[in-house]
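S.K.: Per mature numbering (1 follows the signal peptide of the UniProt record, and there is no 0), the sequence shown runs over residues -21 to -1, 1 to 167.
Mixed in with the good hints, there may be bad ones.
[Stated by the list, open to error] Pairwise CB distance ranges, derived in the manner of DEER restraints:
id : residue 1 : residue 2 : range
1  : 62        : 20        : 18 to 24 angstroms
2  : 129       : 28        : 29 to 35 angstroms
3  : 65        : 108       : 33 to 39 angstroms
4  : 22        : 56        : 31 to 37 angstroms
5  : 30        : 129       : 17 to 23 angstroms
6  : 23        : 46        : 26 to 32 angstroms
7  : 82        : 114       : 15 to 21 angstroms
8  : 94        : 28        : 33 to 39 angstroms
9  : 23        : 151       : 27 to 33 angstroms
10 : 23        : 143       : 19 to 25 angstroms
11 : 123       : 56        : 31 to 37 angstroms
12 : 48        : 99        : 18 to 24 angstroms
Treat the hints as calculated values from the structure; they're not laboratory data.
By construction, the Cβ of each residue, glycine as well, lies at the ideal position given by its N, Cα and C atoms.
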Amino acid sequence: MLWLAGVLVASVGAFTGVAHADPPFPVMSKPAPDFALPDQDGRSIRLSQFHGKLVLLTFFYTNCTDVCPLTTAALARVQRELIRRHWWGTDIVFASVTTDPLRDTPAVLRAYAARYQADRRGWHFLTGDPQAVAAVRRRYSVEVRPLAGGLQDHAVPTFLIDRRGVVLGAYAANPDPADIIQDLAQLR
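Kindly produce the complete structure, drawing on both the sequences and the hints.
M.R.: The following block contains the structure:
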């Protein structure tokens, strides 16, 4: 989408185009807070290790019956297209942070990742100590309110982070895969 034109001009100075009046997410242009959490394979993943790559960072939990599965499915569609274009894992990675680390163990996250055919070369499902996960959520202003039955009321933003580690903006829940792919293509 051409909404990103202004951000690109400011951040990389190499793009020309006309910005959309209503971008699909608020433009932020702020440094992405770094963190380290274990992924579905127990590997410690630090956000800053992805400098030089584009990152989609989202928050979810595996027992969610609402927007989390829709957002994860949308990202799975994006992943398939990125693999087709040979951009997956080398230029672009995803990091999905659970908002329910007590239930979402690495084993649970592996099963969830398999359900969406997440390619481990570039999609990390992150969990960890509840305090560490809560600290990451706070840094990204992701609020969680516990509900009955282990459910949660929470936001499901998907943050777009550029190669320098700058948050360019955040898509709302259940983003349009075509928009994300177009935005990533413009940043590539």
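S.K.: Each of the hints needs a verdict: does it hold here or not?
M.R.: Going through the hints against the structure:
In this structure the supplied range 18 to 24 angstroms holds for residue 62 paired with residue 20, their Cβ-Cβ distance being about 19 angstroms. Roughly 32 angstroms separates the CB atoms of residue 129 and residue 28, a value that falls within the hinted 29 to 35 angstroms. Separation of residue 65 from residue 108 is about 36 angstroms and conforms to the stated range, judged on CB atoms against 33 to 39 angstroms. Distance hint for residue 22 and residue 56: a CB-CB separation of about 25 angstroms, inconsistent with the stated range 31 to 37 angstroms.
Taken as a hint, the range 17 to 23 angstroms is violated for the pair residue 30 and residue 129, whose Cβ atoms sit roughly 36 angstroms apart. At about 28 angstroms, the beta-carbon gap between residue 23 and residue 46 stays in the expected band of 26 to 32 angstroms. One distance hint, 15 to 21 angstroms for the beta-carbon pair residue 82 and residue 114, holds here, with the actual separation near 19 angstroms. The given range of 33 to 39 angstroms is broken by residue 94 and residue 28, whose C-beta atoms sit roughly 26 angstroms from each other.
For the pair residue 23 and residue 151, the beta carbons lie near 30 angstroms from each other, so the given range of 27 to 33 angstroms is met. Take residue 23 and residue 143: their Cβ atoms lie about 22 angstroms apart, and the range 19 to 25 angstroms holds. For residue 123 and residue 56, the hinted distance range of 31 to 37 angstroms is not satisfied, since their beta carbons lie about 26 angstroms from each other. For residue 48 paired with residue 99, a C-beta distance near 20 angstroms keeps the hint of 18 to 24 angstroms intact.
Hint check: violations occur at hints 4, 5, 8 and 11; the rest are consistent with the structure.
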